[in-house]
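Visitor: So the chains spell out like this:
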Amino acid sequence: MAKRKTWTILALLVITSLAWLAFVKPEHDRQKAQTETGIEASAALPQYQPDNQTEEGFLAGLRQFWAFTGFRNVTSGHLIMILVGLIFIYLAIRYEYEPLLLVPIGTGILIGNIPIFSDGGMNLQVGIYQQGSVLNYLYFGVLKGVYPPLIFLGIGAMTDFSSLISNPRLLLLGAAAQVGIFITFIGALLLGFAPPEAGAIGIIGGADGPTAIFISSRLANGMNLLADGTPVKNLIGPIAIAAYSYMALVPVIQPPIMRLLTNRKERLIRMKPPRAVTKTEKILFPIFGLLLTCFISPSALPLLGMLFFGNILKESGVTKRLAETARTSLIDIVNIMIGLTVGASTQADVFLTKESILIFALGAAAFAIATTAGVLFAKTMNIFLPEGDKINPLIGNSGVSAVPDSARVSEVEGLKADKTNHLLMHAMGPNVAGVIGSAIAAGIMLSYLG
Amino acid sequence: MAKRKTWTILALLVITSLAWLAFVKPEHDRQKAQTETGIEASAALPQYQPDNQTEEGFLAGLRQFWAFTGFRNVTSGHLIMILVGLIFIYLAIRYEYEPLLLVPIGTGILIGNIPIFSDGGMNLQVGIYQQGSVLNYLYFGVLKGVYPPLIFLGIGAMTDFSSLISNPRLLLLGAAAQVGIFITFIGALLLGFAPPEAGAIGIIGGADGPTAIFISSRLANGMNLLADGTPVKNLIGPIAIAAYSYMALVPVIQPPIMRLLTNRKERLIRMKPPRAVTKTEKILFPIFGLLLTCFISPSALPLLGMLFFGNILKESGVTKRLAETARTSLIDIVNIMIGLTVGASTQADVFLTKESILIFALGAAAFAIATTAGVLFAKTMNIFLPEGDKINPLIGNSGVSAVPDSARVSEVEGLKADKTNHLLMHAMGPNVAGVIGSAIAAGIMLSYLG
Amino acid sequence: MAKRKTWTILALLVITSLAWLAFVKPEHDRQKAQTETGIEASAALPQYQPDNQTEEGFLAGLRQFWAFTGFRNVTSGHLIMILVGLIFIYLAIRYEYEPLLLVPIGTGILIGNIPIFSDGGMNLQVGIYQQGSVLNYLYFGVLKGVYPPLIFLGIGAMTDFSSLISNPRLLLLGAAAQVGIFITFIGALLLGFAPPEAGAIGIIGGADGPTAIFISSRLANGMNLLADGTPVKNLIGPIAIAAYSYMALVPVIQPPIMRLLTNRKERLIRMKPPRAVTKTEKILFPIFGLLLTCFISPSALPLLGMLFFGNILKESGVTKRLAETARTSLIDIVNIMIGLTVGASTQADVFLTKESILIFALGAAAFAIATTAGVLFAKTMNIFLPEGDKINPLIGNSGVSAVPDSARVSEVEGLKADKTNHLLMHAMGPNVAGVIGSAIAAGIMLSYLG
Amino acid sequence: MHTLLLAGAAAGLDPLAWTIVVVGISIVFLSLLVVYFFFRYILTYILNFKLKSFARKKGIDPAEAQTARTIQSGEVNAAIAMALYQYFNELHDVESGVITIKRVSRNYSPWSSKLYNMNNL
Amino acid sequence: MHTLLLAGAAAGLDPLAWTIVVVGISIVFLSLLVVYFFFRYILTYILNFKLKSFARKKGIDPAEAQTARTIQSGEVNAAIAMALYQYFNELHDVESGVITIKRVSRNYSPWSSKLYNMNNL
Amino acid sequence: MHTLLLAGAAAGLDPLAWTIVVVGISIVFLSLLVVYFFFRYILTYILNFKLKSFARKKGIDPAEAQTARTIQSGEVNAAIAMALYQYFNELHDVESGVITIKRVSRNYSPWSSKLYNMNNL
Ligand code: NA
Ligand code: NA
Ligand code: NA
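Protein chains in written order, with our numbering: chain A, 1 to 450; chain B, 451 to 900; chain C, 901 to 1350; chain D, 1351 to 1471; chain E, 1472 to 1592; chain F, 1593 to 1713.
To give an idea of the chain D side of the interface with chain C (calculated C-beta under 7 Å), a few residues:
{"no.": "1", "residue": "A1367"}
{"no.": "2", "residue": "V1371"}
{"no.": "3", "residue": "G1374"}
{"no.": "4", "residue": "I1375"}
{"no.": "5", "residue": "I1377"}
{"no.": "6", "residue": "F1379"}
{"no.": "7", "residue": "L1382"}
{"no.": "8", "residue": "V1384"}
{"no.": "9", "residue": "Y1386"}
{"no.": "10", "residue": "F1389"}
{"no.": "11", "residue": "R1390"}
Since the hints were made in silico from the structure, they are not lab data.
Glycine included, C-beta positions come from ideal geometry on N, C-alpha and C.
The whole structure should be built from the sequences, with the hints applied where relevant.
Guide: What follows is the structure, encoded as structure tokens:
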């Protein structure tokens, strides 16, 4: 069954890629050629010409209407992206892969790839990149990095840091998995991306959608200038889509790596049950977590400040209604908006580029490296830990964050080895530590490349 | 009882109109005269003069304060509008006519017609048209057409398309009722409105508040320029108020028309119970509805895209919390804002104009025509339908949308003819089809006149 | 126990003040000196110099990173403010003093005082005063006065005016307590504040956080110009913090004053139980309250309009879902935002000034005067009231608003004198009247000084 | 603009500062007095009038009809007791800052009935 | 821009105004007709095909397999009854404007099971 | 601005790219190590100290007072069991993405009592 699912997904990915190569590339080149030869070239196409008033009445009106329909303006790029959107929705509903994200993003892709008449730069105020359109207003929150901190507020208000407090050494697993970020950064540089772009791409390895969006809105937003005066590329769309795609595919990507890197004995390790955590500790954790991490990496303040703020609202016990709203209405509204606009930002003509392909390849590598680093670091820690207090390396993968999917993977893999060995609670520790870790890494990228 | 209600409402309308003619017209003319003769004319009135420092102390202070009170700045226009606001609130509470809209709009009218000191163009940052005021910030969402799509998102998340899926031919009734839009468009042109203004006015016949606001914010917003360089008028306020007024009065307007156009035999037609609809169909409907309708009319994307997006959230079954938030907190917040600001935008000096009267007249006609078209089209369809599968023409009126009030009217009228013949479920089909239909019509208006 | 609490708080305040004098003042002076001598002076400090490329590799990178950490940029001012933030959070959790406000504000203070690298005016888009940062976007709602009216909307939707309707003379106690506003205004003028600043400071005496923020965003926002061309100071932060601090300390500040001004006989007065209030009266109160108060003071419209709008939503009975959203999700979201940003606006370098100290002193006086005025006015009214219909002066303090804490103080003090004499319901009258009263006073300030 | 009036205030104290104080306090009292009178006398008068005309229609002696002023009900006392109970027992209402007098008994009201409205169209 | 086409419309009535009307009405009908045909024929065809292939796998005679078109269920009638009941009794659903056919019986569905998904990785 | 340092990076690989990697990884570890030490040693020390002084006041031998480190409770195991149970049974908590250890037994706490606070003013 599991195998069949994996095959289904791989098949879908292969079909998409082939379709792309077959249709999109040539179409894209053709469009590019047109752009270069100027507006005259496109005048050869059958299209709406407002000045042509020779035809009269109903037929002219119908022709004008036709010029505005999607059928007249569609390209194979649009169709490919619509197919991608449908696949996202299918994966979300059929396999429940991160449905809260993939359904809005998938629908957003459909909405963003309805072909719109824009000959001669005409602005119908419909598309996400057209000034004055509703989608453009909602996209503001992505472009200016306003949505991600609000999502972190909600995540803070729903996260229980108990397992970290009771066993703080699990924090280090959350650190180890961030190695994926930095190695991907090097990889992106080697593939020719400019440093700020490479930094943003690296954060895909952090397996945190909001962090990835936040960093790319700061570093690779199409507006900043490089040292030589050329602007960075706008990679928010591809980076976000890559991050969420792989987060959704965590149950497909991680298990083989985990099995490869561990032997049966390691998979059977039982961890000590976590100790009880007092209410005071739960209140002090976000307060001092905020102060300590933000003093070290102030650039991570928008993310970590909000994360711990949300957690203070939750744990203080006197602001229940604020925490409740932060983790329900507020995060839901922002989720809807961010999913829709990130999805819609994949408009075929700006999304189907060589860069997007490279980013997807780098993203896959980043996830694999991060998982590997987490598992290997757990094994390394075991060398120094006393017998009876060892860490089951199957929770190492959880350090990438992708809350709570990667912790679920730990649980499932643990149960495969021993049906009575529940790793979920232990995996929650590195899981939330991974969120903190990648926010710190993001802060470092910002302070060097921002 | 029903009669008494009808009379009450007519009486209120007549009183309002008379009061207007008696008080507002002359007042308005006087003001206009003043404006034309310049600021000197108004200097003759008793008013606050900051330069006059001869008086001293308490009395001067009191005089200054008096200059700012509403009592000093009130005109008969303000009083008329306050009366209108009170009538709205009364109708909403007493007869529960669209209370979720009429209460906010009514209160908004009160708030928008508190007389504010604005001699010499002074900006106290209080009124909705004064830059920097809170109302002005909130009005942004109306002016830029941001609120209506968000409302459609919520409506999508609460709409069940089952009756359309089980009996898709009812879609055509939703199309027929849109005839009202186009005939009203011609009417408005004949009455001298500029084409974009006429297009926006026509949409009142669509019986969809958010659609009407969206289109008028795009076509008749006071900022676009006509071919001859003159700006279009800002008709958002009158159009929105007319649309919502008549939507509230659907239970008063539609029944007489329905009874006039049908005979007893037709009113007794029993329709086949709808078939069961599978979960898959309910998921596929919004997805393909989105693609099909938006490919035909991409300008309707902001409305239809959001409507179907909300419905996907509802029907996917894996994003329940997002759908829940979209149809509760999110739509409620937007409802409060849109009602308040649309109401407040009826500030007497910009609202009480000849145009507003004409728009109200056209709106009434639009509703009547749309209802007529829906009922007659149902009768026409019956000619071609086999015995035993006919449509009860009493659900034709529901094609105008005004969800769910017009479907309720169908139910009530059906029960009058036959106490056991429930038409509600059948009427829901054309009802939601009417929403789609008027959004498509709106898209057509935009692509021709935008 | 009560005493111990009082002492704890006083001790905390004294420690803070001493720490300030010891550390902050000199630090502040040093910084100021630096600023005056220019950028050269600061060049003497060990810091990140982007041009210095002589060092290579890891060490240089580490040095650069260090330049960005909070440890490198911290000043004693930051530490003091972090201590203040921690005290706020402690008071909120330990004593439940206005936790819904003090927890967000306290955390906001922590977030606003994470030291950020800003040498040479560099903008990392992190701090609340740095353009483009998330906090800066959220702060917009404070700066433009958008949040306070939304909070009033929610308050309106949760307030029951029954006790005012059943006993409208309690309205006058709400008026009396506003004397504190005007006397504080004089005090602030005497201490050298410019008139608009003094007006904003006076409103602290109104004991209404949102009103205080709204007025200071209009009068003392750092942007308006005085008659002599100098800009007013930006006092939003100190005024808001002072207002909320003292509102939280109402249970500490008011009781001694109340006991001082009343004798045992007065404290034992039993008030007549309030009469039943009809649904109609409850609907008419907000409608006519809105019209009457806003005609008198239209500048109070953004606050009072929204307050009564919320109440109409609540009392109309046909818009329950709107009222529910207004008093839950909507007000919670705004509460989170306003608390966070007002807290963060206390960045040490702009907050720790002589003005802040003076504002805190004036605020304490304002609260004391307002409480005194309320109690004394109740005693004055008793002179004219017939036996058996007298007012227990222990509810006079509730006129300052600080809903519902000051009403609770009335209840508690009343119970101390007579264990069976519940004053809570009676105290609710002046309590909500105080909200209206201070909004009117705010409107007056705006119309004279705006 | 009119801050001009207070230009010298920072130094001594412009008489207009005092004006603001006197006018301000007066207006606050005046406003709330107006609201007081409106609800205490005008509204009560109107509502009583309606009550009486209603009584007259029903053939009841208007003098016997309770005036709005004097309606006293056990309900309210129950409501207060309820409020206090909730207050000291920290039910959700208090925690969430909602301040209400709950009517303990909920009566049928034609206003709350959509059915009523629909069937009589 | 193309309002140019209607420049003279305010005076008489430009023929293009009529064009908008005719094209507009046609397109609205056309759009909804397309949706109609899609759901009435194409989608039903696909779903029937799936049903039949499913039946074939299970060894059932495809001819006997119910087609999507004709599935009729007591459930739906129950749902309508329920909806009407709620409507006339003003349960929360109606008040809040949610218009739903509630399936009265909720069956187990593999789609709603995360466990299913997780255990078979 | 300091992207200057990496100006040539696109071509070969500037040594500073490696610096970012090395410094970056170090700092991430360092930060989480600092948090680890703070909560593992400093906070535990403080909380133990408070526990002991509390024990001393009550006349209990501080040595016997449980240190914060070693408190073990059945509650937590119950909580884990509960969490797993919920997880595999898909209660609302899991669906909504809330990840919590629920304390199965809720004890009275003076912190949660407003009454406590009010009566002792
Ligand atoms: Na991570
Ligand atoms: Na419609
Ligand atoms: Na007050």
